[in-house]
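> Letter by letter, the chains look like this.
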Amino acid sequence: MSKRSRRRNRQRNKPQQKKQTPSAGTLLDICVPIYGEFGLARKAIEHISGALGGLNPDHVRVYALDNGTPDWIAEDGESKVTPEEMAAPVKEVMRSVDKYFRVDINEGYPGGVNNLVSKGRSPLVLILTADVFLQEGAIEAMVRSMDDPTVGVVGVKLLFPLDMESPHGPGGTVQHAGVAFDIRGKPYHVLIGWSTDHEKVNVRRDMAAVTGACLMTRRNLWNEIGGFDRRYGIGTFEDMDYCFSIRSLGKRVLYEPNAWGFHLVSGARLQGANQSGFNLPMNETVFRGKWAQMLAWDEWRYL
Amino acid sequence: MIIFVSDFDLRGSGYMNIAIAACNQLAKHGHEVTALGIGYTGNEHNWDFQILPVNTRQAFVHIPAMIQNMKALSAGGQIPSIEALVVALDIPMQERILSFEQRAGIPYVGIFPIESGPLCQSWANVLGLMSKALVISKFGLDQMSEAGVPGAYIPIGLDTEAWRRPTKKERAKLRESMGFTDDQLVVLTVADNQERKNLSAGMDIIAEASKEIDVQWMLVTRIFSQVGWKLDDMAIEKGIMDRFMKFERGQSFDRLWTLYACADAFLLPSKAEGLCMPIVEAMAAGVPVLATDCTAVTEHLFENRETREGGRGFPMETAFVHQDPWGNSMRHYVDFESGARQLAELWEMKKDGSLEDEIIKPARAYAESRTWDKCGAMLDEAIREVMLKPEPVPLAPIAGVIPPTIPQIIPIQEEDLDEQEE
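Heads up: the protein sequence lines correspond to chains A and B, in order.
If you count the first sequence from 1, position 54 lands on 54 in my numbering, and the numbers rise without skipping.
If you count the second sequence from 1, position 172 lands on 172 in my numbering, and the numbers rise without skipping.
I should point out that these hints are in silico values taken from the structure, not numbers from a laboratory.
From the three backbone atoms N, C-alpha and C, an ideal C-beta is built for every residue, glycine too.
A portion of the hints provided could be inaccurate.
Covered stretches of chain B (chain A as the covering partner; in silico rule of three or more C-beta atoms under 8 Å from a C-beta of chain A) [unchecked claim]: (1) 43-51; (2) 61-70.
Cut-off 30 Å, straight-line C-alpha distance, at most; resulting in silico cross-link-like pairs (DSS-like, lysine-lysine) [claimed, not checked]: (3) B:K361 with B:K138; (4) A:K80 with A:K99; (5) B:K169 with B:K246; (6) A:K200 with B:K71; (7) B:K173 with B:K361; (8) B:K246 with B:K168; (9) A:K186 with A:K119; (10) A:K119 with A:K43; (11) A:K186 with B:K71; (12) A:K290 with B:K71; (13) B:K351 with B:K361; (14) B:K361 with B:K350; (15) B:K173 with B:K350; (16) B:K71 with A:K251; (17) A:K200 with B:K28.
Okay, chain A solo, but in the shape it has when bound:
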């Protein structure tokens, strides 16, 4: 290769590098995967500005990915609604610095999130599913928790929406306060259905795992682990797996009750998106096989 062509290549590379770092100088990338639930995604993104609290919005980028939503039949039963049309309300609430992507073929939840996270460059990453509506200052509280370099993941307190009847408790009660493991080594949402102001719900503590519905992590750790394990197919257990990976690196998984929001559980399904086919038993088997040596009965710590 001639000197000139090498120089030309270098020059070509420079602007390309800049292009690949659209969030250079930013602190946090918020990644919102979408599969059909565009209305919820809009609402989730609308809640972000309040959840930032005292954080400078210029230091935050929102990345949304339509993970292969197919055309839908409109309410008239005949005409089709394209994903582009459905995405319009989401794009409306995104700033010019934020990014919206689409893949035509669904990559599953783990694959979609991995794709989405790779779009940004900020040192902190918040994975936020479209059915989680974070409340005032929640993201700031999570970021503050990350000030401790030993923390690799921060999870939040999630509540059932006030107008939602849940088999675990009325609206406004706890949907997620961390994941505990029972004597069989089975993970479950500990304190589910408890009052949001209960003393046990509001202990800031290390946990074995937190839900991936709203999870903050560090990009360097994410990259080191390789993101969500795609062996979990279209999803379930990838968040447990990620938390265990974090702990296997000697980092902590923290539950931060000062960061909270509402979780419209299975919001995508409620909005009509076809997300059936989660292979829970198989994914649990994969998870147990991978982490058998780290599985421990820990519910006694929290109940």
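Let chain A serve as the given structure and place chain B on it in line with the hints.
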């Protein structure tokens, strides 16, 4: 730390009420308590102790595993040392936990009922394995004594402030809202839909009494039970369908209290009872009790169960007795005609105004005497006593023994062959 094992199914069970109060008492006495709650599913609570969920079907697999884990955690300093294991369950369940616990080497306090007598030798042996055996009725203590098993009577308490008597206005309003008139005799039964509670006899009593009195019967039970009565079918068969209201067990306390507050009588036709707290609850709520005069029921109905003095309820006679597979103990079948007669007498006493002083007030005083503080103090004392005892040496695990049902080569008995040849 104390590990407390019992039924914590918050939908309602006799053990659940006892276990929660006992754990609260232990906490009050300064113990750190972790309950392994059979049937508990992680519901919110504000009690001063911890409950860990135990799947009912897997209870006797998970409980030993949990105890072993807790021992390991304790040895590692992650939780306080385990002072004692307190188990409040029926004797067959105690037997299963004891079979493991001997190897665990933790002092063991058992709280249990003896529903009927005599106490069979197998169960007496089980109770003998406990560091301290606490039976919840005086009747039960008698049975233990006759079987030569050491133990003590622990008086189970009741919150008589919660189980208060309704005011006249409240009662009138509640009865009106339930559609009951003053000339109706409203009878309440709170009993599981199972053989021992003898609900069919309860229906016979209502049917018989209804010949003379306008009786209405409220039954709180497990309406659908695989081993229980088909209640509607039976009510139709007995001709009392128009007098019969059934409620699913696990009613909220206020709802349950409302039913007591409406009632003129509490009816329990059981064949045997280890304690029966609903009787004491009825007494506290000012509802006169009719119950089969047998086993531990008698000590509720009389101040002196031996001389039968100081009556505070309506004992129903036993028609016949038979022996049951439950510990080979006896079952007492109530004489339904006796029940109907007692119901009629209660109604007469209500009308002539003698019921209040002769039955309701003494019964309420009896209920008030059963405080949880007494129970808690005794339990605390029992735990401190067993903590001072030397621990049994853990047994070595038995390994390598082929179960006898597995086919094995049997050596030829040459002598036998010789004999056959001859």
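> If any of the earlier hints don't hold here, list their numbers in rising order.
Of the numbered hints, just 9 does not hold.
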